[in-house]
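Student: Can you build the whole structure from these sequences, using the hints too?
Going down the list, the sequences are from chains A and B. Note that this note's numbering has the first sequence beginning at 1, numbered continuously upward. Note that this note's numbering has the second sequence beginning at 1, numbered continuously upward.
FYI, nobody ran anything at the bench for these hints, they're computed from the structure. Note that the Cβ used here is the ideal one computed from N, Cα and C, for glycine as well. Any given hint might turn out to be false.
[To be verified] List of simulated lysine-lysine pairs, DSSO-like, C-alpha gap at most 30 Å: (1) A:K295 with B:K45; (2) B:K158 with A:K272; (3) A:K136 with A:K64; (4) B:K305 with A:K64.
[Stated by the list, open to error] Reference listing, derived: stretches of chain A covered by chain B, where coverage requires no fewer than 3 residues with Cβ under 8 Å from a Cβ of chain B: (5) 31-41; (6) 191-198.
[Said to hold, decoys possible] Far from chain A by the CB rule (all over 10 Å, computed), these chain B residues: (7) D79; (8) I95; (9) P164; (10) D243; (11) I253.
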Amino acid sequence: MSSGNNNNAARIDAARRVAIFGGTHGNEMSGVTLVNLWMQNSAEIQRKEVDIEPFITNPKAVEKCVRYVDTDLNRAFTQENLSVTGGDELPYEVLRAQEINRMFGPKGTPEAYDVIFDLHNTTSNMGCTLILESSKDAFNLQMMNYIKKAFAPASCLVLLNEHPLLKYSTSRSVAKHPVGLEVGPQPQGVLRSNIFEAMRVILKHALDFIELFNEGMEFPPCTVEVFRVLERMDYPRDANGNIIAMVHPNLQDCDWEPLNPGDPMFQTFDGKSIHYQGSTTVYPTFINEAAYYEKQQAFVTTRRETLVANAIRKA
Amino acid sequence: MTGSCGLVEREMQVNEPVLMPRLSRVAVCGGTHGNELSGVYLVRKTLKTEKRKEDREMVSVQMVLSNPRAVQQCRRYVDTDLNRCFTHAMLNGPISEGAPYEIIRSRELNAMLGPKGSRAAVDLLCDLHNTTANMGLCFIAYSDSDWICLHIFKYLQKHMPDTPMRFIHFDVSNKESYSLDSIGKHGFAMEVGPQPHGCVKSNIYTAMKEGVQHMLDWVGYFNSGCVFEGGFVDVFTMVKNIDYPRDEDTRNITATIHPCLQDRDFCLLHPGDPLFQTFSGETLTYKGNEPLYPFFINECAYYEKGIAVSLARKKCITIPSIWLTTEEEERVSEQSFASEEQE
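Tutor: Here's what the structure looks like:
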């Protein structure tokens with residue numbers, strides 16, 4: 001990959017329409033608070049020659065301070081849900097997904113928003129994480145590279161969820177370039193100042209990138225270290241589906257640290273250890289996320305990869 | 001373990017122990033708030049395992065899942081906070097057909113474990129809770145002179161030296177007491193944190209499990225006639241709550257707990273110390289006129305109750321030695337209890 005040669009830069013349309021989603025899960029408070037703030041006063045998020053719209057995606061869930069009312073909005077943007085008819089009979093979040101798809105999509109068409117940032121919190125000790133849905137999205141990769149460098153020495157990692165089975169239809173997926181922001185650890189329903197500030201700073205860098213890109217800056221080829229989702233690990237359960245063990249104290253809060261074959265993984269309520277039986281070292285994350293108990297997920301495993309992004313420049 | 005008082009009263013050790021009746025019935029309740037999972041799992045697990053060795057220590061232990069519907073939905077409550085439903089007025093007043101689930105449930109629990117204030121009530125009720133605040137293990141009780149609860153606390157402190165442990169006193173009269181633990185003749189809440197609601201953290205679960213185990217061990221020893229030496233206990237008495245700054249119109253919060261205060265439960269807060277940080281980055285300071293001990297800092301469930309932080313004064317109290325009362329003495333005291341009830 002040669003650098004400094006303008007002809008090799010991929011030409012990508014300027015990002016003119018950007019949205020910032022908060023409250024996709026109504027009890028993840030950093031995004032709810034930031035978006036409400038910016039809806040009252042958007043000075044902080046304004047950038048030249050781009051419309052940036054802050055938006056509360058799930059107002060009913062926000063009002064009740066719950067993750068969702070009928071069904072998880074952040075899993076609801078399937079093609080089936082987006083096209084189904086049924087009016088008021090449909091679950092609240094399916095109706096909401098259809099409306100969001102009309103406002104910010106339609107998903108997969110040229111009319112869709114250029115970029116959507118979706119703000120989330122997690123009870124897991126993930127720190128600041130950017131979530132990427134495609135390893136081929138050079139624009140997103142360059143943005144994430146920019147954010148990581150601007151945020152350094154503080155850490156901001158990239159989680160890539162491109163797994164054909166584990167990938168899910170997020171609210172941000174209606175955009176051409178969907179970007180997830182996940183910051184933790186923070187309990188649901190709680191607003192912690194350090195978490196709030198971190199998310200705010202990351203978004204600032206993201207919007208700065210968009211402004212620079214729109215002004216015509218060329219971003220040379222770069223490499224981005226990502227953690228690619230491999231598999232979901234559930235809690236050990238009994239015949240009735242009840243959880244019979246907890247995340248092991250050695251694994252608790254150790255997101256992004258290597259989990260080697262034989263390492264302790266779960267601890268039964270009697271104190272016995274259950275060990276990781278995989279054949280290679282993996283990097284677990286989303287460890288002990290409260291919302292995932294019902295989704296049969298104690299943590300996901302990932303592997304480290306280095307992605308290469310083309311040079312990009314505004315078309 | 002000694003408290004933080006400088007003065008030791010030598011006479012205390014020579015005093016006669018206070019005699020107290022056997023604790024024949026103990027209740028351990030979990031899931032009073034359906035998303036505080038340590039207690040839920042502890043009660044469920046114990047319900048599944050073999051009968052405890054109760055007969056030897058002459059105590060029956062009842063494990064109760066207080067709010068099954070809220071547990072099933074993994075929410076704090078369904079209609080209303082169960083742990084505010086146990087005042088005498090709420091337990092005994094008229095009840096309508098469409099009454100909230102928790103009001104109906106509180107009466108069921110009162111029938112099962114009480115009735116509150118009567119001789120039939122369980123001797124000891126321990127109600128298990130979690131908090132998102134960094135509080136370690138706390139006992140929360142309405143009295144600072146219930147020697148049973150204070151001795152159990154002292155025993156736990158001695159046997160769990162690596163677990164930060166505090167005794168919190170809410171100075172509320174028996175008439176106004178509102179929580180489940182007030183049903184028992186002796187009662188307290190065991191509050192363990194920090195843990196997000198809806199999560200089980202192994203270290204938090206283990207601390208609670210050990211705490212309950214030690215409590216039951218203590219009851220066994222007490223019932224067998226052990227004398228428990230008096231001593232000193234630091235007690236934190238709740239003084240007041242401080243709410244978040246809120247927008248006048250929407251009532252939405254406009255600031256969050258300051259990073260210097262976050263997670264610093266029981267670290268003395270002085271007038272002028274940072275308290276909140278507004279969303280525009282301004283620091284708001286504590287304006288009280290005495291230093292107080294903060295706790296329940298940024299407890300999730302308290303946003304709707306208008307509590308950002310609770311504040312307490314610390315005092316060192318002297319607890320007497322205690323000993324099991326003899327059967328003769330118990331009969332005499334029962335007779336006087338009966339005549340009190342008649343009045």
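Student: Please list, smallest to largest, the hint numbers that this structure does not respect.
Tutor: 3, 11
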